[in-house]
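Single-letter residue listing:
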Amino acid sequence: MARLVRMDHTGHTTLAEWTASDQKAVDAAAAAFRTELDKGYFAVVSAGPGQAEMVRELPRGAELVIMRRPIAGG
Amino acid sequence: MHWRRRVDERSLRKRKRLWTLTTVAHVVPFLTTAGVLVAIEPLAAAVSAILVAKAWLIPALYARRGANVVTRRGRGEEAAQRRALGLLGDLVGHDARDLVVRTGLVLEPGRLGTWLVGEAGALLIRPGGRTVMCWCVRVPDPDLPAADRIAHLLLALRTDEEGFATVANLAFSGAPWRLGRKLDPAMRPALSAAVQAARLR
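Same order as they appear, the protein sequences are chains A and B. When we follow my numbering, the leftmost residue of the first sequence carries the number 1, and every step to the right adds one. When we follow my numbering, the leftmost residue of the second sequence carries the number 1, and every step to the right adds one.
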C-alpha cells in the first residue's frame with residue numbers, strides 16, 4: 001500500500017494511504033497532496049539509490065511520497 | 001535563489017582556491033613579521049611567538065566556524081525522534097542509520113564529492129579527500145526532531161545536489177584534519193569514513 005507522509009514535529013504523519021486500483025483512495029490522497037503543496041510543502045519520491053525526485057502531481061504508482069519543507073541557507 | 005549563480009564543479013574549485021588564498025593572506029603577514037622581528041631583535045622572540053600563535057589561531061577559528069555547521073541542535077521530543085529516525089532509516093539503509101545514531105551525520109555519496117549531512121548543515125569532502133567544504137543549510141522549522149531535520153536536508157540534496165550547494169552558505173573550506181580537530185569527537189569517525197570514501201573516487 002502506498003503512503004503519503006509529511007515530516008513534522010511528531011516525526012512524521014501519514015496523511016493518506018492508497019492502492020492504485022482504489023480510485024476513491026487515490027482521489028483522497030491527491031486532495032491531501034494538493035493541500036500540503038498549497039501549504040508550501042515540497043513532494044519528494046525516491047528515484048533509486050541516492051536519488052530523489054520532486055513531483056507536482058501525486059504519483060499513484062509510488063510506494064512512498066514524502067512532504068518536506070523548503071530549505072534555506074543558515 | 002535566482003540571484004545566486006548555480007554551484008558547479010568549476011565554481012567549487014574557484015571557491016576553494018579563493019578560500020585558500022584568503023587563509024594565506026591572513027597567515028603570511030603574521031609569520032613574515034614574526035620572522036623579521038626575531039631577525040632584527042632576538043629579544044623580541046616572545047612577541048614573535050604571539051604573532052605565530054595568531055597565524056595558527058585564525059585558520060583554527062575558521063575551522064571552528066566550519067565545525068559549528070554540523071553541531072547537534074537537540075533531538076526534540078523522544079517519541080518524535082524515534083519516529084523520525086525510522087523514516088530516515090528507510091531512506092538511507094541500516095549502515096548509514098547506525099552511523100547517524102552514533103555520530104549525528106548521514107554519509108551520502110554525490111557527484112560533487114562525499115557528503116556528511118547533519119541537522120543544520122553539511123560537509124562536502126571533495127574527491128581525493130584533501131578538501132572539506134562546510135555548508136550552512138537548514139530547514140527553518142525549529143519544532144522538527146533532529147532526524148527529520150537531517151531527512152529534509154538529505155532529500156533536498158538527493159533531489160538537486162548543485163541546487164542544495166547553491167542555497168547553502170559556505171562557512172569553511174580547508175583540510176579535513178584541520179576541521180576534525182574542531183569537530184565534536186563523536187562525529188570524527190563519520191569524517192574519517194567520508195574522507196576514505198572520497199579518496200576512492
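Source of the hints: derived by calculation from the structure; they are not laboratory data. Keep in mind that a hint or two might mislead.
To be verified - Residues from chain A shown here face chain B by an in silico Cβ test under 8 Å; the list is partial:
#	residue
1	T10
2	T14
3	E17
4	A30
5	R34
6	V55
7	A62
8	R68
9	G74
What the hints assert, rightly or not - Sample of chain B residues at the chain A side, in silico, Cβ under 7 Å:
#	residue
10	K54
11	A84
12	S192
For every residue, glycine included, the Cβ atom is placed at its ideal position computed from N, Cα and C.
Q. Against the structure shown, which of the earlier numbered hints fail to hold, in ascending order?
A. Violated hints (numbers, rising): 2, 3, 4, 5, 6, 7, 10, 12; every other hint is consistent with the structure.
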